[in-house]
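Enquirer: Sequence:
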Amino acid sequence: MGKIKHIALATQDPEKTARFYKEVFDLEEVGRVNNDNAEGYYLSDGNINIAILRFKNEILVGDKFDINYSGIHHIGFQVDDAEAADLKLRKANAYPMEEINTTLHAGMSKGHGGKNVELKYNGPDGVMIDISQTGWVGTDEE
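My numbering puts the first residue of the sequence shown at 1, with every later residue one more than the last.
What the hints contain is simulated information worked out from the structure, not anything from laboratory work. Note that the Cβ used here is the ideal one computed from N, Cα and C, for glycine as well. Incorrect hints may have been included.
DSSO-like, lysine-lysine: derived pairs with alpha carbons at most 27 Å apart [to be verified]:
| hint | residue 1 | residue 2 |
| --- | --- | --- |
| 1 | Lys88 | Lys64 |
| 2 | Lys22 | Lys56 |
| 3 | Lys56 | Lys88 |
| 4 | Lys88 | Lys3 |
| 5 | Lys56 | Lys16 |
| 6 | Lys16 | Lys64 |
| 7 | Lys3 | Lys22 |
| 8 | Lys91 | Lys3 |
Each pair of labels, with its calculated beta carbon distance range [as the list claims (entries may be wrong)]:
| hint | residue 1 | residue 2 | range |
| --- | --- | --- | --- |
| 9 | Gly126 | Asn34 | 26 to 32 Å |
| 10 | Asp80 | Asp13 | 32 to 38 Å |
| 11 | Glu58 | Val127 | 28 to 34 Å |
| 12 | Leu87 | Lys22 | 36 to 42 Å |
| 13 | Asn93 | Asp26 | 15 to 21 Å |
| 14 | Glu28 | Lys91 | 34 to 40 Å |
| 15 | Phe20 | Asp81 | 33 to 39 Å |
| 16 | Asp66 | Val33 | 19 to 25 Å |
| 17 | Asp80 | Thr102 | 24 to 30 Å |
| 18 | Asp36 | Ala84 | 19 to 25 Å |
| 19 | Lys22 | Tyr95 | 15 to 21 Å |
Working from the sequences, and respecting the hints, build out all of it.
Expert: As structure tokens, this is what we get:
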């Protein structure tokens, strides 16, 4: 069974948005990112990782949004078996978002031990989904 372990929020002001979730819900800052693709914060309640990101790369935003989009960007599910989840997703007509996955160097390669965070798929209703067999920073091990 897949478990929701990750939600990514797109924002134009990651510092302000992260401060809101830290102050209002006492979420802990468990990481930061600032590279060519995005800048932002990773927050957690100890169970779910929330990425608060300002995207810098049009490819990673995806074809449903523009670079200035703010709101829920994608939902991540931790799965027991990434290859089995990949097959189920494909059977349900949810296919890997190759351009995004390539940009992120994502995939179930031997270099990743068959496990990789941020392997993105096109879900129903335009919702971007990603799967991970290993989870995200700040999520529990279950």
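Enquirer: Each hint should be assessed against the structure and marked as holding or not.
Expert: Results of checking the hints against the structure:
Between Lys88 and Lys64 the CA atoms are separated by roughly 23 Å; this keeps the pair inside 27 Å, and the hint holds. Proximity of Lys22 to Lys56 is assessed by CA-CA distance (about 23 Å); at most 27 Å being required, the pair is judged to hold. A threshold of 27 Å between alpha carbons decides the hint, and for Lys56 with Lys88 the separation of about 31 Å lies outside it, so the pair is violated. The hinted pair formed by Lys88 and Lys3 meets the criterion: a straight-line CA distance of about 15 Å does not exceed 27 Å.
Restraint check for Lys56 and Lys16: satisfied, since their Cα atoms lie roughly 17 Å apart, inside the 27 Å limit. Taking the CA atoms of Lys16 and Lys64, the gap is about 24 Å. The hint holds against a cut of 27 Å. About 23 Å separates the Cα atoms of Lys3 and Lys22, which keeps this hinted pair within 27 Å; it holds. Annotation: proposed proximity of Lys91 to Lys3 holds, straight-line Cα distance about 19 Å (limit 27 Å).
Hint check: Gly126 to Asn34, Cβ distance near 28 Å, so the stated range 26 to 32 Å holds. At about 37 Å, the beta-carbon gap between Asp80 and Asp13 stays in the expected band of 32 to 38 Å. With their beta carbons about 19 Å apart, Glu58 and Val127 fall outside the hinted range of 28 to 34 Å. Roughly 38 Å separates the CB atoms of Leu87 and Lys22, a value that falls within the hinted 36 to 42 Å.
The beta-carbon spacing between Asn93 and Asp26, approximately 40 Å, falls outside the hinted interval of 15 to 21 Å. The supplied range of 34 to 40 Å is met by Glu28 and Lys91, whose beta-carbon atoms lie about 37 Å from each other. Checked against the hint of 33 to 39 Å, the C-beta distance between Phe20 and Asp81 comes to roughly 36 Å, which is consistent with it. For Asp66 and Val33, the hinted distance range of 19 to 25 Å is satisfied, since their beta carbons lie about 20 Å from each other.
For the pair Asp80 and Thr102, the beta carbons lie near 26 Å from each other, so the given range of 24 to 30 Å is met. For the pair Asp36 and Ala84, the supplied restraint of 19 to 25 Å is violated, since their beta-carbon distance comes to about 33 Å. Between Lys22 and Tyr95 the C-beta distance comes to about 36 Å, which lies outside the given range of 15 to 21 Å.
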